[in-house]
Amino acid sequence: MSIKHEDTNTSVPGFHMEGEDRGILTLSVGPQHPGSGHFRLIVKVDGDIIVEALPDPGYVHRGEEKMCEYRNYIQNIPHLERPMIADSCGILYPYVLAVEELINIQVPERAKYIRVIMAEINRCIFELYWLAIYGIFLGHSTMFMWPMADRELLIDLAEMASGARVTHAYFVPGGVRNDLPDNFVEKAVRHLKYFRSRLKEYKDIFYDNPLFQSRTIGVGVLRREDAINLGATGPVLRASGVEHDIRKVEPYDVYDELDFKVITMKEGDSYARAYVPWLEMFESVEIILQALEKMPNGPVRTKLGPNPKGGVAEVFKRVEAARGELAYYIVSDGNPKPYRVKLSVPSFRELPVMAHLLKGAKLADMPSIYWSMNYWPVEADR
Amino acid sequence: MVIAMATVSEFKFSEFVKSVLWLLFWVILIFSLIVLPIIFVILFYIPEPVINGVRINPYLLLTMLTNPQIGAPLIKATIESTFFKIAVFPGFTFAALFATVLIYAERKVLAKMQLRVGPYHAGREAFWWANSLGGFLQLIADLLKLLGKEIIVPAGADKPIFWAAPVVLVVAAAGLIALIPVAPNWVIADIDVGLLAVFALLGFFPLTTLLASYASNSKYPFIGGLRALYQLISYEIPLILSVLGVVILAGTLNLTGIVNAQNPYWFIILLPIGAVIFFITALAELERIPFDLPEAESEIVAGWLTEYSGMAYGLIQLANYIKMYALSALFVTLFLGGWMGPQIASSIEFFDVTIISAEEANGVTWFAIKTFGIALLMIMMRGINPRIKIDILLRTAWSKLIAIAFINVFIAVALLYLGVVPIAGGA
Amino acid sequence: MGSVSGMLKAIASGSKHLAIRRFTLRYPEQKLKFVGDGYQFDPKEGVGIAGYRGRHILYQDKCTGCQLCSIACEGIAEAIAMVKVDKQYKQNKKGIMPQIDYGKCVFCGLCVDACPFYALFMTDDYELAAYTKEHLIYTPDQLAIKPKYIGTYEIKIDELGAYHDE
Numbered sequence: 001m002s003i004k005h006e007d008t009n010t011s012v013p014g015f016h017m018e019g020e021d022r023g024i025l026t027l028s029v030g031p032q033h034p035g036s037g038h039f040r041l042i043v044k045v046d047g048d049i050i051v052e053a054l055p056d057p058g059y060v061h062r063g064e065e066k067m068c069e070y071r072n073y074i075q076n077i078p079h080l081e082r083p084m085i086a087d088s089c090g091i092l093y094p095y096v097l098a099v100e101e102l103i104n105i106q107v108p109e110r111a112k113y114i115r116v117i118m119a120e121i122n123r124c125i126f127e128l129y130w131l132a133i134y135g136i137f138l139g140h141s142t143m144f145m146w147p148m149a150d151r152e153l154l155i156d157l158a159e160m161a162s163g164a165r166v167t168h169a170y171f172v173p174g175g176v177r178n179d180l181p182d183n184f185v186e187k188a189v190r191h192l193k194y195f196r197s198r199l200k201e202y203k204d205i206f207y208d209n210p211l212f213q214s215r216t217i218g219v220g221v222l223r224r225e226d227a228i229n230l231g232a233t234g235p236v237l238r239a240s241g242v243e244h245d246i247r248k249v250e251p252y253d254v255y256d257e258l259d260f261k262v263i264t265m266k267e268g269d270s271y272a273r274a275y276v277p278w279l280e281m282f283e284s285v286e287i288i289l290q291a292l293e294k295m296p297n298g299p300v301r302t303k304l305g306p307n308p309k310g311g312v313a314e315v316f317k318r319v320e321a322a323r324g325e326l327a328y329y330i331v332s333d334g335n336p337k338p339y340r341v342k343l344s345v346p347s348f349r350e351l352p353v354m355a356h357l358l359k360g361a362k363l364a365d366m367p368s369i370y371w372s373m374n375y376w377p378v379e380a381d382r
Numbered sequence: 001m002v003i004a005m006a007t008v009s010e011f012k013f014s015e016f017v018k019s020v021l022w023l024l025f026w027v028i029l030i031f032s033l034i035v036l037p038i039i040f041v042i043l044f045y046i047p048e049p050v051i052n053g054v055r056i057n058p059y060l061l062l063t064m065l066t067n068p069q070i071g072a073p074l075i076k077a078t079i080e081s082t083f084f085k086i087a088v089f090p091g092f093t094f095a096a097l098f099a100t101v102l103i104y105a106e107r108k109v110l111a112k113m114q115l116r117v118g119p120y121h122a123g124r125e126a127f128w129w130a131n132s133l134g135g136f137l138q139l140i141a142d143l144l145k146l147l148g149k150e151i152i153v154p155a156g157a158d159k160p161i162f163w164a165a166p167v168v169l170v171v172a173a174a175g176l177i178a179l180i181p182v183a184p185n186w187v188i189a190d191i192d193v194g195l196l197a198v199f200a201l202l203g204f205f206p207l208t209t210l211l212a213s214y215a216s217n218s219k220y221p222f223i224g225g226l227r228a229l230y231q232l233i234s235y236e237i238p239l240i241l242s243v244l245g246v247v248i249l250a251g252t253l254n255l256t257g258i259v260n261a262q263n264p265y266w267f268i269i270l271l272p273i274g275a276v277i278f279f280i281t282a283l284a285e286l287e288r289i290p291f292d293l294p295e296a297e298s299e300i301v302a303g304w305l306t307e308y309s310g311m312a313y314g315l316i317q318l319a320n321y322i323k324m325y326a327l328s329a330l331f332v333t334l335f336l337g338g339w340m341g342p343q344i345a346s347s348i349e350f351f352d353v354t355i356i357s358a359e360e361a362n363g364v365t366w367f368a369i370k371t372f373g374i375a376l377l378m379i380m381m382r383g384i385n386p387r388i389k390i391d392i393l394l395r396t397a398w399s400k401l402i403a404i405a406f407i408n409v410f411i412a413v414a415l416l417y418l419g420v421v422p423i424a425g426g427a
Numbered sequence: 001m002g003s004v005s006g007m008l009k010a011i012a013s014g015s016k017h018l019a020i021r022r023f024t025l026r027y028p029e030q031k032l033k034f035v036g037d038g039y040q041f042d043p044k045e046g047v048g049i050a051g052y053r054g055r056h057i058l059y060q061d062k063c064t065g066c067q068l069c070s071i072a073c074e075g076i077a078e079a080i081a082m083v084k085v086d087k088q089y090k091q092n093k094k095g096i097m098p099q100i101d102y103g104k105c106v107f108c109g110l111c112v113d114a115c116p117f118y119a120l121f122m123t124d125d126y127e128l129a130a131y132t133k134e135h136l137i138y139t140p141d142q143l144a145i146k147p148k149y150i151g152t153y154e155i156k157i158d159e160l161g162a163y164h165d166e
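Protein chains in written order, with this note's numbering: chain V, 1 to 382; chain P, 1 to 427; chain E, 1 to 166.
Bound conformation, chain V alone (with noise of 0.2 Å):
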């Protein structure tokens, strides 16, 4: 997509008019504006229709693939969780699982059990920070609140595991880096009861208001077709019909054992796009309940070398975080540092779907079709 900027010769500041068309305003809801995150939405509104969406991505764009040719295997960890810290596990992930493949490391089952438990947390981390950002894009402050406070309980799971509350740099090829505490079981147990009460107190004030439900219902509606065609992933997947989740489809470490579901709606506006995210964290703490009972006891990390290195090979894994589909392919020539690491990202994978979108929707629909997408800025700049 190539933006052409026309600065037509206009005598006060801030208005662009395009030439024929005088009635088109181009608004820049860019990187410094409240509702935006660090990524510029070129949109050019007539009245208050948008007429045509240009995303513009590449405000934090960092070169994450270049960097990661400069350090070993071991020292790209916490140089990879850094795209997307808040749901650090689940880029992190694949990545393990790549290199793991690359090593040929066996890991014991004790440590599948837990990544898969803290993978679960983080994706309920980062899904009550998406609800709390989407309440606030609405104007709901409380719902800002709530999400914030109840992620703290998870926030303390984690960083009793992990030692770091966001930033846990905790999966290594091999398992993971340190045992669970003794007191993470009950802990974790009592947490996640209260945690799931409070869940479903969301649904009185926020997905039962009429005013909630009269800004998404029927606002962005994205088609089965359409959805499948433009390449969505994720929860704005499910949200329009399809069935379609990593952790059914290629199962890695232990999903295959645990017992879930996976959530999908029929209608595809933006009130699916935000209520199955909320379904699934019922389904994430069941997960995460079972695995506490079903994990073995043993060890937890086998022994890795200092600079471990594979032969020359590709490898590719994929992973179900919580936006959608994340992926990496890994060139290794045989040295302890990698050749070329290519990450993809569901964010940018939904750009054209919000481009598809935002078009013929009204001005005031844009935070919420926006936010709906899951779109998280410094992922998809990598």
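Hints are computed from structural coordinates only; laboratory data are not their basis.
Quick caveat: nothing in here was measured; it's all calculated off a predicted structure.
Treat the hints with care, as some may be off.
Unchecked claim - Derived BS3-like pairs: lysine-lysine, alpha-carbon spacing no greater than 25 Å straight-line:
hint	chain 1	residue 1	chain 2	residue 2
1	E	Lys33	E	Lys133
2	P	Lys112	V	Lys193
3	E	Lys156	V	Lys187
4	V	Lys193	E	Lys148
5	P	Lys219	V	Lys362
6	P	Lys219	V	Lys359
7	V	Lys342	V	Lys66
8	V	Lys193	E	Lys9
9	P	Lys112	E	Lys44
10	E	Lys148	V	Lys203
11	V	Lys309	E	Lys44
12	P	Lys112	E	Lys16
13	E	Lys156	P	Lys112
14	V	Lys203	P	Lys112
To be verified - Simulated restraints on C-beta separations:
hint	chain 1	residue 1	chain 2	residue 2	range
15	P	Arg395	V	Lys200	25 to 35 Å
16	E	Glu154	P	Ala345	46 to 56 Å
17	E	Pro28	P	Leu144	19 to 29 Å
18	V	Met67	P	Leu207	51 to 61 Å
Unchecked claim - Listed next, the stretches of chain V that the computed footprint assigns to chain E, with coverage defined by at least 3 CB atoms under 8 Å from CB atoms of chain E:
hint	stretch
19	46 to 55
20	160 to 167
21	177 to 186
22	190 to 199
Note that CB positions come from ideal geometry on N, CA and C, so glycine has one too.
With chain V held as given, fit chains P and E onto it using these hints.
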């Protein structure tokens, strides 16, 4: 670059004498040219006030100020004078203090609903015995911060209107306070068409908002100002219609008369639909959540007040909260019986002279309690609702609310002609 | 009307929350309690011991100056530099020990994983604020001091909600 060193000059006595004489010269000049004529004007041309049949001359005034027992009628006369009513109670100072308490209550109640502590550290030493009352002085801190900020005027802005708009907003909000009766004799302006004057003053707000947004010369205020105009104009009509039922039942437009007409039953029992519609449209007039569009933060940075910073922003927020107090007080006056309530307060006496009689004190207390209750309800509505969209806002105002308000008028007329409410006093 | 009942339910839910306890942790009067003593690593087993990843602690009587921590950090944050120390230790022939720049450290703990001599662990201390960037560089002698961190508050849950208490 020359770095100047500060030189300490030596003390010269002649310089000292010269500076003292210079100061003395200016003092004598100002005193004789300005202060003395003012004193002469006051002494010669202003007639001596008469209190309780006694002419007050300056000697008596000084005696009264130093001897409280003789001076008690002076206090009573001051309280009943017009200047006191406008400036202090029930005028601007009372409204500003009420607005202050409202801002504090809003932050704390909203915080409690959101499971957090609101302002906590400012002023906590003073309230060590009540852990949840910390942060009482946070408003003073915010006020000092706003006073210290620079007011940035955008390039190409229309300067006279840009500077005048916040002041006009505060003035119009303060004008609303002048009409509201707080206790049986305590109203600043007892106009016969009081309710009509309220709506005339409410008409200032859309106009000033639009002018403020145009004068800012920027894209986001432009959009916000248009949205504010649509919203404020559309919601004035259901506001006026919902009050029509009250006027029919009370038979007068005078606000004191409306309160007096609620003697057996308050109007909220007879006209509940009208009360609900008045509440909703008052929320829309105040631009509070859920009708927060003109200041919708996530879409149009801060709406029509984006370009206002520093004390201009402070004045706009003050106008908003005074308007909130005024509309809550109006709701209490029209529907909840004003100052009426069982007698719980006693009179305030000062050396055997009744400064505030028992029924006045009682009226003021009940009025304050009821207004605070309605304001708390407005705060709760903010806590539980998201923002409404512009097309649903306009559709609701023009079709649904006007229809329900008309039903309310029919109920009022039916109540009158079925004899449930006596046809009250002629005017 | 469906919307009226929805609004009444929302009002009821909001009023119910006026009775639930506040969740805030009033830092700095209240500080969080951590499990254990800080993140440690056992090089014989090859696995870590759970703990909070705060400021490092250097056991000077075990450090041999092998530079493995510095090499591990080179690809991550380049926060560890080896400097000469005055005191001579028997096991430290070169006389160098790590110096950590907390302006660059990301607290990932991979340097602790790299140390084979039980010399570098992490502690509970996270209050490292300073006024200048030079004050953030901790010399080996500063790193050898065990910090005193007293944190006693944790999340408690009862029927009135969740809150932070001792």
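Verification of the hints:
1. For the hint pairing Lys33/E with Lys133/E, the CA-to-CA distance comes to about 29 Å; that exceeds 25 Å, so the pair is violated.
2. In summary, the hint linking Lys112/P to Lys193/V is supported, as the alpha carbons are separated by about 23 Å, within the 25 Å threshold.
3. Between Lys156/E and Lys187/V, the direct Cα distance comes to roughly 10 Å. Compliance with the 25 Å bound is thereby established for this hinted pair.
4. The straight-line distance between the Cα atoms of Lys193/V and Lys148/E is roughly 34 Å, outside the 25 Å bound, and the hint therefore fails.
5. For a cut-off of 25 Å, the pair hint linking Lys219/P to Lys362/V stands: about 17 Å separates their Cα positions.
6. Among the hinted pairs, Lys219/P with Lys359/V is consistent with the structure: their alpha-carbon atoms are about 21 Å apart, no more than 25 Å.
7. Simply put, Lys342/V and Lys66/V have alpha-carbon atoms about 9 Å apart, close enough for the 25 Å limit, and the pair holds.
8. Our distance criterion of 25 Å between C-alpha atoms is met by Lys193/V and Lys9/E, whose separation comes to about 24 Å.
9. About 51 Å separates the Cα atoms of Lys112/P and Lys44/E, which puts this hinted pair outside 25 Å; it is violated.
10. A C-alpha spacing of about 45 Å is found between Lys148/E and Lys203/V, which places the hinted pair above 25 Å, so the restraint is violated.
11. The straight-line distance between the Cα atoms of Lys309/V and Lys44/E is roughly 21 Å, inside the 25 Å bound, and the hint therefore holds.
12. Distance hint between Lys112/P and Lys16/E is fulfilled; the C-alpha atoms sit about 11 Å from each other, no more than 25 Å.
13. A hinted pair counts as satisfied when its Cα atoms are at most 25 Å apart, and Lys156/E with Lys112/P qualifies at roughly 18 Å.
14. Proposed proximity of Lys203/V and Lys112/P is supported: the alpha carbons are some 19 Å apart, at most 25 Å.
15. Look at Arg395/P against Lys200/V: about 33 Å separates their beta carbons, and that is inside 25 to 35 Å.
16. The given range of 46 to 56 Å is respected by Glu154/E and Ala345/P, whose C-beta atoms sit roughly 48 Å from each other.
17. Checked against the hint of 19 to 29 Å, the pair Pro28/E and Leu144/P passes, with Cβ atoms roughly 24 Å apart.
18. A hinted range of 51 to 61 Å holds for the C-beta pair Met67/V and Leu207/P, which are about 57 Å apart.
19. With 0 residues bearing a CB less than 8 Å from a CB of chain E, the stretch 46 to 55 of chain V misses the requirement of three and the coverage assertion fails.
20. Note: the stretch 160 to 167 of chain V has 6 residues with beta-carbon separation from chain E under 8 Å; the three-residue rule is met and the coverage holds.
21. For the stretch 177 to 186 of chain V, the assignment as covered by chain E holds, since 6 residues bring a beta-carbon within under 8 Å of that chain's beta-carbons and 3 suffice.
22. Under a criterion of three residues with beta carbons nearer than 8 Å to beta carbons of chain E, the stated coverage of the stretch 190 to 199 of chain V is upheld, 3 such residues being counted.
Hint compliance for this structure: hints 1, 4, 9, 10 and 19 are broken, all remaining hints hold.
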